[in-house]
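Residue numbers (our numbering), protein chains in the order written: chain H, 6 to 352; chain X, 6 to 352; chain G, 6 to 352.
Hints listed in this document are in silico derivations from the structure and should not be mistaken for laboratory results.
It is possible that part of the hints are untrue.
As the list makes no split between identical chains, a pair holds if one copy fits it or if it spans any two.
Here are the simulated DSS-like pairs of lysine-lysine, each with C-alpha atoms no more than 25 Å apart in a straight line [what the hints assert, rightly or not]:
hint: 1; residue 1: Lys256; residue 2: Lys205
hint: 2; residue 1: Lys137; residue 2: Lys256
hint: 3; residue 1: Lys348; residue 2: Lys338
hint: 4; residue 1: Lys338; residue 2: Lys137
hint: 5; residue 1: Lys53; residue 2: Lys94
hint: 6; residue 1: Lys205; residue 2: Lys106
hint: 7; residue 1: Lys205; residue 2: Lys87
hint: 8; residue 1: Lys94; residue 2: Lys205
hint: 9; residue 1: Lys332; residue 2: Lys87
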Amino acid sequence: MQLSLSLSEVAAIVGAIEVRGATARAITGIGALDTAEPGDLSFLGNPKYKAQVAETKASVVLVPRDYAGEPRADQAFILIEKPSVGLAKLCARIEQSLWPKPQPGVHPTAIIDDAALVAASASIGPFCVVEKGVRIGEGTHLQAYVFVGHDAEIGRDCWLMPRTTVAAECVLRDRVRLQPGVIVGSDGFGYEFIAGKHEKVPQVGNVVIENDVEIGANSTLDRARFSSTRIGEGSKIDNLVQIAHNVVIGKHCIVCAQAGISGSSTIEDYVIIGGQAGIAGHLTIGRASKVDGQTGVNSDLPPNSFVKGTPCLPYQLEQRINVLRKKIPELFKRVDALEEQLKVAHE
Amino acid sequence: MQLSLSLSEVAAIVGAIEVRGATARAITGIGALDTAEPGDLSFLGNPKYKAQVAETKASVVLVPRDYAGEPRADQAFILIEKPSVGLAKLCARIEQSLWPKPQPGVHPTAIIDDAALVAASASIGPFCVVEKGVRIGEGTHLQAYVFVGHDAEIGRDCWLMPRTTVAAECVLRDRVRLQPGVIVGSDGFGYEFIAGKHEKVPQVGNVVIENDVEIGANSTLDRARFSSTRIGEGSKIDNLVQIAHNVVIGKHCIVCAQAGISGSSTIEDYVIIGGQAGIAGHLTIGRASKVDGQTGVNSDLPPNSFVKGTPCLPYQLEQRINVLRKKIPELFKRVDALEEQLKVAHE
Amino acid sequence: MQLSLSLSEVAAIVGAIEVRGATARAITGIGALDTAEPGDLSFLGNPKYKAQVAETKASVVLVPRDYAGEPRADQAFILIEKPSVGLAKLCARIEQSLWPKPQPGVHPTAIIDDAALVAASASIGPFCVVEKGVRIGEGTHLQAYVFVGHDAEIGRDCWLMPRTTVAAECVLRDRVRLQPGVIVGSDGFGYEFIAGKHEKVPQVGNVVIENDVEIGANSTLDRARFSSTRIGEGSKIDNLVQIAHNVVIGKHCIVCAQAGISGSSTIEDYVIIGGQAGIAGHLTIGRASKVDGQTGVNSDLPPNSFVKGTPCLPYQLEQRINVLRKKIPELFKRVDALEEQLKVAHE
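Assemble the whole structure, with the sequences as input and the hints as a guide.
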């Protein structure tokens with residue numbers, strides 16, 4: 006990160022109650038207490054790491070207001086109500102330099118169809134393509150090489166990072182963030198097997214992404230057969246995730262990297278799906294369920310399920326089986342021995 | 006979908022035998038019988054849903070010619086030989102508006118090398134790059150940001166969606182469709198471990214994709230070491246699939262999302278590979294085999310295999326084991342009890 | 006591959022000791038002994054395939070200097086010290102025609118910020134975007150549609166293939182190769198659950214990729230929360246791999262396709278991770294460990310571990326269990342029989 010702040014600048018940003026000690030160093034980085042170097046800021050976010058404060062090489066440490074220790078030479082403690090809140094304020098400041106607000110306007114290399122409506126405060130970067138009938142809302146940023154197909158709608162304050170694709174007729178509501186390489190609206194994978202060939206079933210629906218959704222790098226979301234593939238408000242999807250046609254994801258879900266959700270499955274609100282997990286087609290995963298990483302789900306799950314394994318079982322049972330699994334070679338020997346004993350007993 | 010058709014327009018498109026009832030509504034969507042809303046068209050494709058016809062809110066329903074029921078007020082039934090065929094005709098019509106045939110010609114921002122041959126009826130969209138020695142056939146459409154490396158060949162009536170890559174010397178035959186983000190011809194992953202380092206083994210072969218193949222969004226197909234990685238005629242590959250170097254896929258195969266096929270494996274004709282399945286290297290998967298989702302295949306499979314699990318077993322056996330798996334904790338207790346009984350018996 | 010060499014040209018390239026026999030054919034391809042066609046060159050790299058030399062249809066065969074057999078009509082054997090070294094020399098020659106060294110300079114369509122430093126011998130291809138503060142070293146090649154965000158640093162002799170992304174402030178050292186579609190520096194997947202919503206945790210660190218690293222097509226590497234996600238010198242990463250924020254990969258590691266490494270895990274030097282394997286977060290995988298394909302690792306591994314399965318076990322144990330797994334249905338029957346016997350015995 007591009008950071009260089011004096012102690013007093015940091016104190017002002019985080020809202021210091023008191024500064025104990027001093028350092029002449031500029032703060033140029035952030036690190037955990039045990040790995041921070043001189044020039045770094047660190048923080049006591051969790052009381053269990055209290056002992057590390059005395060050992061840290063960080064030049065500045067955010068500590069709670071009741072923290073008793075004294076800094077070393079060329080080190081400062083900044084006392085504040087909640088170190089984690091102070092850290093968040095500092096990060097928000099750094100984020101502004103990492104991702105400065107772009108100027109509104111259209112880059113001269115961008116190609117905007119005359120029959121597209123781009124809000125005055127939107128920012129359209131180099132080599133973007135915006136086809137006819139597209140609407141792009143206020144404050145939205147298309148960064149570079151963003152492709153928006155005809156009649157797509159993008160709401161307010163969205164951020165589409167480089168080389169994202171929103172195919173024809175798809176809809177993004179407000180404050181949607183697409184990481185680089187995301188594809189919204191590729192065709193659903195549907196074929197009918199006729200006379201020895203797979204004939205394509207037209208995929209003429211779209212994808213609708215509700216407010217405050219974020220989608221990770223190179224993830225793919227297929228358009229529905231007729232209706233809409235939907236991602237509910239506030240849901241967060243990680244990198245390289247596959248969302249098949251007609252999937253409906255509820256509100257405030259988490260889908261971790263490389264997970265895949267097959268066609269027509271419904272994921273209810275507040276579900277968490279671990280990395281590399283797979284959900285088969287036409288299922289319902291009940292509200293607030295958790296699917297562990299690499300799990301394979303092939304049946305509906307009631308609300309508040311917590312499952313693991315392929316095919317999945319309740320988490321506790323799967324864990325129990327995994328412990329016993331190691332003893333299977335021994336179990337076979339025990340059964341061998343029992344059989345031997347009984348044979349002997351009968352002789 | 007951008008749809009607005011009157012009842013009589015729909016009747017004409019689907020080839021109505023008879024129209025029963027009437028609606029003043031324009032048809033603006035398509036839905037299943039149980040989820041359709043007023044303004045939607047629905048269809049009775051499968052007799053088992055017959056009871057739903059009386060309940061549906063759809064404004065227009067495609068029903069078989071012998072369907073006996075009467076529509077409600079402001080609702081019409083269209084009687085036709087096969088509702089599914091009528092639906093397909095309607096979808097084909099919608100598809101034309103979703104993906105209108107592009108005008109032939111080269112967009113002024115596209116960069117076409119003088120030593121490339123682009124057919125007169127081909128359509129090359131904005132920001133495409135076509136290098137020297139490339140040949141592009143009649144009716145082929147490069148949509149936007151399509152990169153075609155030197156000496157690659159692309160046949161007739163192909164459709165390369167935005168930001169697809171066909172690297173140098175790769176070959177696509179006719180009617181190949183690449184969904185957005187597909188990469189054809191990345192290097193095979195080959196290294197030799199020499200003196201503590203992984204030295205790159207040159208990957209100088211190519212990828213050949215036969216007629217009527219479709220590849221899903223962000224999938225990657227590596228070029229062969231010397232010869233060709235091949236995808237056979239009519240095969241369909243879903244999103245985020247990895248095809249390693251020297252893989253040969255036969256005709257009319259299906260490879261579902263996030264599956265991976267390791268180097269030099271051969272997939273014979275009509276094989277179906279489920280999502281997230283993995284095929285190890287240097288294997289042969291026999292004709293018409295089925296590999297279930299998340300399965301791991303690490304040995305050759307004879308034709309018509311149906312396998313599941315990691316490492317895979319015959320499907321029925323794996324299913325049987327999966328049922329018994331849940332009873333493993335109980336099995337351990339039963340063996341404990343047997344041992345206890347025998348100990349007591351011997352005392 | 007675009008190849009056409011006479012026998013004498015091939016002999017010169019590979020460094021022939023002796024040429025036995027002759028062919029009038031131009032060499033236009035390379036193939037294994039058993040699959041080569043007339044016009045191909047083949048090679049006896051491993052003595053166990055010696056018998057195939059007499060049968061091969063290849064027009065030219067590289068054989069060791071002590072090889073005794075005679076070629077057929079219109080066939081030549083080239084005797085050299087090590088056929089594999091000769092083959093490598095030939096491939097290097099072919100590679101030059103496949104990937105000719107680009108001319109230094111900036112393509113007129115590329116957009117280079119005035120406050121970026123591009124070395125004179127670097128080559129920046131069509132539609133590249135290089136933002137302010139970027140430094141690009143000597144001999145580095147940005148092929149097409151390469152996006153380099155502000156203040157990123159790219160060293161010498163790197164090769165960034167089409168549509169690769171190096172986001173703001175990320176660092177590539179020397180001779181780094183990114184296959185098409187790679188994304189370096191997408192946001193880490195971090196949220197705090199506050200009042201029923203997932204609030205984004207700013208990700209303000211970067212990604213640092215050391216010398217001689219290669220990253221496969223469409224793989225994604227997330228920037229760290231504060232510090233750096235790191236890929237160590239000489240490590241090779243395959244296609245569609247997910248590297249989460251704060252991951253540290255050591256030197257000379259191999260990560261196969263579709264593997265995923267979760268946040269803050271450390272992979273020590275010389276580790277090999279198989280395809281589709283998943284490493285949970287905050288773990289350490291010890292030096293020179295091997296993780297088999299599709300394995301799920303959820304605990305630290307000591308150096309030189311070799312693990313398999315989900316959750317992983319030592320390789321030999323997992324293999325043993327996999328053999329016994331097939332016999333689980335039988336085991337249940339054996340326990341049934343034992344119980345029956347004991348019941349009878351007690352009656």
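Looking back at the hints listed earlier, which ones does the structure fail to meet? 2, 4, 9
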